[in-house]
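Colleague: These are the residues of each chain, in order.
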Amino acid sequence: MLVRHTYCKMLGVRFTALLILLSVILGAVFAQQGTLRVGTEIPVQLDPAFASSDAEIAVLNAVYDYLVDVDAGNNIVPRLARSWSVSDDGLRYTFQLADNVLFHDGNPLTTADVIYTFNRLRDPDLGSPTSDLYSNIQAIEATGDHEVTFTLGHTNPFFLFDLSDNHALIVRQGAKDLGKVFNGTGPFIVQDYRPEDRMMLSANPDYFIAGKPGVAKLELVFFGDQAAAVSAIRGGQLDLIMRMPTPLFQSLASARGIQRISVPTNGFDLIRLRSDRPPGNDPRVVEALKLAVDRQAITKIVTQGLAVTGKDTPIGPLYDSYYLADLEPPARNVARAHQLLVEAGFPDGLSLDLHTPDTGDRPDLAVVLKEQLAEAGFDINVVVEPESVYYGENKWLEVDFGITGWGSRPIPQFYLDVMLVCGAKWNESHFCDPELDRLSQLAGTTLDEQERIDAYAQIQRLLVKRGPIVIPYFFPQFAALRNGFTGLELKAFPGRTDLALIRAN
Amino acid sequence: MALWRFLRSLYNRPSSAFGTTVVLLFLLLALLGPLITPFSATEQIFQDARQPPSLAHWFGTDRLGRDVFSRVVIGARDIFTLAGLGTVIAVAVGTLIGLLSSYLGGLLEEITFRFFDSLLAMPALLLALLLLGTVGPSRNSVLLVIAIAYTPIVARVVRSVVLGTKTKDYIAAARMQGERLPFILFREIFPSVLPALAVEAALRFSYAIFLIASLGFLGVGVQPPRPDWGLMVNEARNYVALTPWSLYFPAAAISLLVVAMNLMADGLKRVLQVGETL
Chain A
295 MLVRHTYCKM LGVRFTALLI LLSVILGAVF AQQGTLRVGT EIPVQLDPAF
345 ASSDAEIAVL NAVYDYLVDV DAGNNIVPRL ARSWSVSDDG LRYTFQLADN
395 VLFHDGNPLT TADVIYTFNR LRDPDLGSPT SDLYSNIQAI EATGDHEVTF
445 TLGHTNPFFL FDLSDNHALI VRQGAKDLGK VFNGTGPFIV QDYRPEDRMM
495 LSANPDYFIA GKPGVAKLEL VFFGDQAAAV SAIRGGQLDL IMRMPTPLFQ
545 SLASARGIQR ISVPTNGFDL IRLRSDRPPG NDPRVVEALK LAVDRQAITK
595 IVTQGLAVTG KDTPIGPLYD SYYLADLEPP ARNVARAHQL LVEAGFPDGL
645 SLDLHTPDTG DRPDLAVVLK EQLAEAGFDI NVVVEPESVY YGENKWLEVD
695 FGITGWGSRP IPQFYLDVML VCGAKWNESH FCDPELDRLS QLAGTTLDEQ
745 ERIDAYAQIQ RLLVKRGPIV IPYFFPQFAA LRNGFTGLEL KAFPGRTDLA
795 LIRAN
Chain B
249 MALWRFLRSL YNRPSSAFGT TVVLLFLLLA LLGPLITPFS ATEQIFQDAR
299 QPPSLAHWFG TDRLGRDVFS RVVIGARDIF TLAGLGTVIA VAVGTLIGLL
349 SSYLGGLLEE ITFRFFDSLL AMPALLLALL LLGTVGPSRN SVLLVIAIAY
399 TPIVARVVRS VVLGTKTKDY IAAARMQGER LPFILFREIF PSVLPALAVE
449 AALRFSYAIF LIASLGFLGV GVQPPRPDWG LMVNEARNYV ALTPWSLYFP
499 AAAISLLVVA MNLMADGLKR VLQVGETL
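These protein sequence lines are chains A and B, in that order.
The numbers in our numbering rise by one with no breaks, and the one at position 216 of the first sequence is 510.
The numbers in our numbering rise by one with no breaks, and the one at position 139 of the second sequence is 387.
To be clear, the hints were calculated from the coordinates, so they are not data collected in a lab.
C-beta: ideal position from N, C-alpha, C; glycine also.
It is possible that some hints are incorrect.
Computed beta-carbon distance windows for the label pairs [unchecked claim]:
| # | chain 1 | residue 1 | chain 2 | residue 2 | range |
| --- | --- | --- | --- | --- | --- |
| 1 | B | ARG435 | A | SER682 | 49 to 55 angstroms |
| 2 | A | ILE336 | B | ARG253 | 58 to 64 angstroms |
| 3 | B | GLY354 | A | GLY473 | 44 to 50 angstroms |
Reference excerpt, derived from the structure (chain A facing chain B, CB under 8 angstroms, subset only) [what the hints assert, rightly or not]:
| # | residue |
| --- | --- |
| 4 | ALA521 |
| 5 | THR593 |
| 6 | VAL676 |
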């Protein structure tokens with residue numbers, strides 16, 4: 295008996311020692327340690343309803359949470375909603391919220407906060423740029439202590455993606471001074487914000503996802519110039535940058551202690567001609583433009599072959615079954631393009647100002663395009679403008695001929711709804727085609743996957759034939775991370791990258 | 249003969265001799281331009297992109313396969329045309345306003361020069377950025393900006409000479425003889441203004457080069473694909489680790505020409521002052 299008691303005692307001591315050892319090891323592995331210094335562009339608008347740039351979304355994604363998130367493989371994954379179900383008719387979406395979620399001010403997350411957030415986003419008086427995404431919602435109601443139900447007017451197969459739109463970060467009910475006061479539920483808590491300089495954040499000790507965030511402190515350092523950010527990571531003043539032009543990414547190849555990461559995306563530089571007034575309203579001019587462009591040469595010279603050549607449709611190869619792999623735009627034919635211009639009434643050439651923002655590879659794209667189009671009789675005057683001028687006062691929606699960068703989105707329907715259907719908010723080419731509108735409506739509502747695949751295929755054929763747009767390439771997304779950090783899962787829209795996953799070794 | 253003596257005086261000192269020679273060389277490059285460049289300034293030879301300096305491409309090629317030497321030479325033509333024309337306009341308008349308002353004096357002079365003072369209170373680059381923000385970036389806008397930025401400076405220099413000259417006896421004599429205003433301004437006063445004006449014009453020209461290059465670098469001046477030196481430096485900035493030659497050569501051209509212009513202006517000042525004392 296005594297022997298047995300001693301044996302049990304010894305076993306107990308050993309078990310306790312093992313537990314202590316395990317906790318020490320686990321603590322060493324999972325403890326939040328180190329500071330992650332991330333270089334971003336300067337955020338301006340930090341109210342979630344209006345934020346749009348990568349830098350702005352990166353800041354907010356660290357401070358707030360989405361109801362559901364999109365992973366690097368474009369799959370919907372839980373975040374504040376731990377699970378959800380969809381009614382058989384596809385009109386009711388019910389979400390179960392995670393337990394024990396606290397805002398940074400100590401208040402618990404409730405269904406009222408979720409309802410408030412989406413009612414605010416869909417309020418037309420607020421004027422959030424993607425409020426149309428939620429115009430289909432008929433009701434949002436609490437159906438349990440931790441359960442919210444959305445009722446739709448008609449089916450929307452992409453509704454979960456809409457709920458994970460960049461702006462859809464959950465804020466506290468009745469939150470005031472959004473953009474100045476940062477009270478989220480996210481993995482990091484804002485400690486100090488110095489506009490146009492930096493933001494200092496600390497790990498949220500009450501974060502509801504175990505093991506996150508991976509670092510004790512996050513420092514977002516703002517740069518007005520991407521070349522300066524690259525110099526800073528090269529000089530050891532930054533640990534991570536997530537957006538840079540091709541040459542800067544290439545220049546880091548020889549930098550010691552830095553890992554370069556590149557992921558394919560559906561982001562593209564859109565060359566578009568206004569089609570609601572001369573000269574773009576003449577189909578012959580549109581066809582001449584498409585025939586005069588050498589997309590492969592552009593991909594090779596402007597992106598150094600790192601991008602994927604485009605086909606004048608925003609539905610790129612990343613969309614798998616929606617992408618029409620065997621579709622090819624007509625081969626380059628300069629003589630035919632010139633002939634079309636002559637027939638359209640421009641025997642001496644067509645003069646156009648080509649407006650482009652001064653960011654990324656766009657100025658180079660404009661210069662290469664000018665030379666290519668000149669062979670067919672276009673006389674292009676390149677106008678390179680700061681982004682604030684190009685996008686300011688909606689100039690980009692007004693000019694006849696322009697180049698606009700479009701970031702990657704998890705679903706193609708976004709581009710159709712906001713960029714190409716008749717009267718869409720950001721329809722910069724002013725394209726209005728009843729056939730495209732019908733197909734887009736069908737693809738965006740049908741629950742029959744094959745029907746949607748067919749609709750997208752027809753849309754791609756239509757855009758290649760008569761869309762007043764040229765998409766020469768889908769650019770990759772670049773990042774650079776200093777050795778000593780792991781866990782980066784770069785997303786196609788870099789601002790949505792989960793910084794809470796990154797750990798200091 | 250006078251020109252020969254003038255040039256000899258300019259070449260008396262090594263610094264002004266160096267400055268004058270370099271400026272004349274750049275001027276020659278600008279004049280000969282397309283005759284001596286092996287390629288067009290905008291021709292993109294994709295298979296030759298990012299080549300270092302070689303016999304085929306003396307200054308190498310840039311990221312789009314354009315010959316950097318051809319771009320620097322044609323860029324000299326562009327910058328001489330823009331800076332030269334801008335300076336000529338500023339000098340002509342500044343001289344006219346300076347002569348007229350300072351000679352007549354009174355309220356006209358007060359209003360004109362207080363307005364010019366307000367323009368001069370702003371640095372030239374800031375004034376240029378404000379004006380370009382209003383009229384939009386283009387070659388003509390840059391020309392206009394140089395003229396507007398430098399006219400007040402020229403007018404002030406002219407005024408400083410006119411104020412000392414208009415009280416001289418020979419001016420009073422001309423007035424009493426019943427000479428007309430244009431005659432007094434351009435035949436009696438203008439010759440006194442000329443030496444200071446020549447030096448000022450040279451200095452303005454050098455500052456205009458710098459201003460054009462700065463505006464090009466900031467991306468608000470001459471637009472691509474024109475081979476503007478400042479714009480070339482701006483475009484090559486991201487490529488400094490990959491094609492450093494596409495940045496160094498236009499940057500060196502800007503520095504060399506601006507330094508040479510200043511050295512030449514110094515020499516000019518010295519020579520013209522010597523002439524005056526003789």
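Colleague: The structure should be examined with respect to each hint, and the outcome stated for every one.
Modeller: Each hint, compared with the structure:
1. For the pair B/ARG435 and A/SER682, the supplied restraint of 49 to 55 angstroms holds, since their beta-carbon distance comes to about 53 angstroms.
2. Our hint of 58 to 64 angstroms for A/ILE336 and B/ARG253 holds, since their Cβ atoms are close to 59 angstroms apart.
3. Remark: the range hint 44 to 50 angstroms for B/GLY354 to A/GLY473 is contradicted by a beta-carbon distance near 56 angstroms.
4. With 8 angstroms as the threshold, the beta carbon of A/ALA521 comes within range of chain B, its nearest partner Cβ sitting at about 6 angstroms, so the hint holds.
5. Nearest Cβ of chain B to the Cβ of A/THR593: about 11 angstroms, over the 8 angstroms cut. The hint is violated.
6. Among the interface hints, the one on A/VAL676 holds; its C-beta lies about 5 angstroms from the nearest C-beta in chain B, closer than the 8 angstroms criterion.
Hint compliance for this structure: hints 3, 5 are broken, all remaining hints hold.
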